[in-house]
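Number of protein chains: 2
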Amino acid sequence: MNGCVYKSTVERWCVFEVMVPGYSDNNPFVDYDIKGVFQGKNEQVEVDGFYDGDGLYKVRFMPSFVGEYSFKIYGSFSDQTFAGKFTVTPASQNNHGPVRVAYTYHFAYEDGTPYYPVGTTCYAWTHQKPELQEKTLETLKNSAFNKIRFCIFPKHYVYNQHEPLTYPYQGTPDNKNLDFQRFNQEHFRLIERRIQDLMDLGIEADLIVMHPYDRWGFSQMSAEEDDLYWKYVIARFAAYRNVWWSLANEYDVMHSKTLKDWERYAEIICAKDPYNHMRSIHNCFSLYDFTRPWITHCSIQRIDLYKTAESVSEWRERYKKPVIVDEMCYEGNIEYGWGNISGQELVRRFWEATCRGGYATHGETFIHPQDILWWSHGGKLYGESPERLKFLYQIVCETPGHGLKPYHLSWDSVTAVPESQVHQGEYYLDYYGFNRPSSRTFYFDDTTKYQVEVIDTWNMTITDAGVHQGRFTIRLPGKEYMAIRIKKCGVV
Amino acid sequence: MNGCVYKSTVERWCVFEVMVPGYSDNNPFVDYDIKGVFQGKNEQVEVDGFYDGDGLYKVRFMPSFVGEYSFKIYGSFSDQTFAGKFTVTPASQNNHGPVRVAYTYHFAYEDGTPYYPVGTTCYAWTHQKPELQEKTLETLKNSAFNKIRFCIFPKHYVYNQHEPLTYPYQGTPDNKNLDFQRFNQEHFRLIERRIQDLMDLGIEADLIVMHPYDRWGFSQMSAEEDDLYWKYVIARFAAYRNVWWSLANEYDVMHSKTLKDWERYAEIICAKDPYNHMRSIHNCFSLYDFTRPWITHCSIQRIDLYKTAESVSEWRERYKKPVIVDEMCYEGNIEYGWGNISGQELVRRFWEATCRGGYATHGETFIHPQDILWWSHGGKLYGESPERLKFLYQIVCETPGHGLKPYHLSWDSVTAVPESQVHQGEYYLDYYGFNRPSSRTFYFDDTTKYQVEVIDTWNMTITDAGVHQGRFTIRLPGKEYMAIRIKKCGVV
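Residue numbers (numbering that gives the first Met the number 0), protein chains in the order written: chain A, 0 to 491; chain B, 0 to 491.
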């Protein structure tokens, strides 16, 4: 077909893209529309396409099923319509599909594989120099992180005063001469390349679509400009299976936006994203109403300086959705209280969240001679927490069933048990945080045998403490950050 | 006068005691009464006396003024009345009188000297072997502790299973054959000797009059027996200037007592203690209503496992009284979460309380081969916190005016300023807890010069950081438990 470019096969849950020529006069971002309809045996999906410059339009689609598909591209962008056929091949080994909510409080990939998020935060990593971006990917590759939060718009904030690699709009940033009706496709291409890189590493891209850290005007556009942006973002990125929509970071300090605005953006996502990617919105001071039906999970910034992940069980109760504490202070030593806790304290907060049936997100903010702080720029990790988070992740992966929930075993420990009813009584993970017990005594029943292990969450050791039954006491070294794992291993 | 024994002089705020013979038939604790009236130029005080065995009764009085006094002893204990005269001499150097509330949130001795409590806890130390009691006094002598919480009744609890040195009642503890209407004066003599020893060391005796840790029945006596006990305790101990009345430890787990009972005991104290010693009551789960007019200060046990002294400013606001967090976990390594935090964490909690204009109480619970834990038995201290509490105490003593109050300087530090209005702007104590800033920036005004010091609260160093004015940044080592002290030193 004349000028219509696409591949004849695509892997299930990967990006199928059709590129077609179209009008480039007027403002193609505003004055023309383009849609695609994709039809397979099990689904028919209609999506918006987008103008990608140079008289070319693109329409992207993520197929959810294996088999033969056809498509049709139409709209005011051209007098022509375009059509074609392609084959969706089975997912390869590390492709499990997009992430969904599972068992109310947890996540799974669409193929059913459990997904236990271990997030990190590099707000502006895609706006840094290419070498630094490559370094970030290399660091991520060797870490346990399987979700990363980052911004589409450039970031203006402490330690972030330089200009970004590219701007999302055409024009010049001087005197605010950016044209909020004409996207700079280069900016978005760079981001989608990084989304793809993350996908290849098995990492979810928790895209922060709006944020308040701004000197260019992106946080103060008109409602029409906002909506245009949202539709463009969705048209470009939604077909990437690893995309999550974080409507905003610190929505409540974006003073030019109202709750009505946030709800309108949410409506746009729900209408335009046919894949139902994860959707949430992240607070500064006051939590968004996570009971809103469009919100798939809680993306929480701790509010209290002292009590952070300790509130996860309350949030689970209140919202009946998965809880991710997406910001609870970063490991580091900068001036600000949000960025200068120890590795021990950050790891403790992860354990507190985990043992309450929630999830948490890492960040790192160490003073750096060139102001390259992982939390914003990516690069290299200097902290002590990441390897401990990998250790925690392994422990979480070894739990029976799918995910943990809080359980009241004692007032002075936090205990996790399997979420699923069928695994009750099989497994207890009892964590002591900054407490330093020299022993702990347990009693479940008289007849069950339990395999007990002592876990040093900081030194990352798991020590066999024998098989026990009835009332039993386990010795501990009387230091911080210990846990005991108890697994049913038989009945006498 | 026939058989009436007393000394002709007594120091102001010390114990003046009159011993007289009386009836010993029937039950002298119940069947006879004895009162004393003490008359000086500035006061007339009536008090109850008590039966001290062997046909002898005692009446004790603490004079609040220097000068000539007379007394009269009367009651059903004897057909006779007794009278006499004595001289009250000025207070010696380390005798500042009883402690009073000062400036709403703080304490002072009656002579006006500020009293900044640094408490500790040895619940059952007076019930241990004499050598151990002597050891406790020696330890206290070399510490910063100037208040100690301990129980009048013996204690039955974990690590406290042995029999006490003495019982408060005559009879035998076996089969509960103690006679709750006949006091064992030996028990009370031992306690009052220790109260006197503490007085000599300048330490307030925060007497826990009732408690739930009991296997002998002391926590389950009848209302009449309780009242008899209260009156006896007050008659014996009230004349010791360093006595504080803690109505109970963990009143809310004494399930056989009601709020009405506690209020009745309070009425007895208010009626019978002419010196208005400090009065409070200590909780387990739920705070007593500290707005009750008889309560002089809040004696709080933290309720949350995580957030403890951080709530002091709220409690100050709510109760408008001095706040002492009398239990906020102990330094140690025992099995239980209330007794196994690190020295760092305990010292942090002290600083958190202090910088919010409150006070805190220490305790120590390390596993010991003979089960001698400071928290209950006294003895020797093994922990790392006591010397850091001495360091903190010195810093508190150096504040201008009388006591500290919380001040909002930033969201991520806790700042103390002088309580008194006349010292505002002179002094800031900015504490960072577990946060690890590499620097902090301040701006108060353009013209004032400030002397700045960096305090390492753990390593107990104070480092001169120079004189600054306008906006200034102070470098810090990027580690935990640091503070900055800023003192006005002139105007340009």
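A portion of the hints provided could be inaccurate.
[Claimed, not checked] No farther apart than 25 Å at their CA atoms in a straight line, the calculated lysine-lysine pairs in the PhoX-like style are these:
| no. | chain 1 | residue 1 | chain 2 | residue 2 |
| --- | --- | --- | --- | --- |
| 1 | B | K259 | A | K478 |
| 2 | B | K128 | A | K306 |
| 3 | B | K478 | A | K478 |
| 4 | A | K478 | B | K379 |
| 5 | A | K306 | B | K259 |
| 6 | B | K259 | B | K271 |
[Claimed, not checked] Here chain A is said to cover these stretches of chain B; the calculated rule only asks that three of the stretch's residues, wherever they fall, bring their Cβ under 8 Å from a Cβ of chain A:
| no. | stretch |
| --- | --- |
| 7 | 336-347 |
| 8 | 402-414 |
| 9 | 458-471 |
[Said to hold, decoys possible] Computed from the model, here is a short list of chain B residues facing chain A with C-beta under 8 Å:
| no. | residue |
| --- | --- |
| 10 | D178 |
| 11 | Y305 |
| 12 | E313 |
| 13 | N332 |
Hints in this document: simulated from the structure, not taken from any laboratory. Glycine included, every Cβ here is placed at the ideal spot set by N, Cα and C.
Here is how each hint holds up against the structure:
1. B:K259 - A:K478: 43 Å, violated
2. B:K128 - A:K306: 43 Å, violated
3. B:K478 - A:K478: At roughly 20 Å apart (the allowed maximum being 25 Å), A:K478 and B:K478 satisfy the hint.
4. A:K478 - B:K379: At roughly 21 Å apart (the allowed maximum being 25 Å), B:K379 and A:K478 satisfy the hint.
5. A:K306 - B:K259: Cα-Cα ~36 Å, so violated.
6. B:K259 - B:K271: With a Cα-Cα distance of about 18 Å, the restraint between B:K259 and B:K271 holds, given a limit of 25 Å.
7. 336-347: holds (count 6)
8. 402-414: Check passed, 4 qualifying residues.
9. 458-471: As far as the stretch 458-471 of chain B goes, the hint is violated, because 0 residues have Cβ atoms under 8 Å from chain A.
10. D178: 38 Å, violated
11. Y305: 5 Å, holds
12. E313: Violated. Min distance 12 Å.
13. N332: 3 Å, holds
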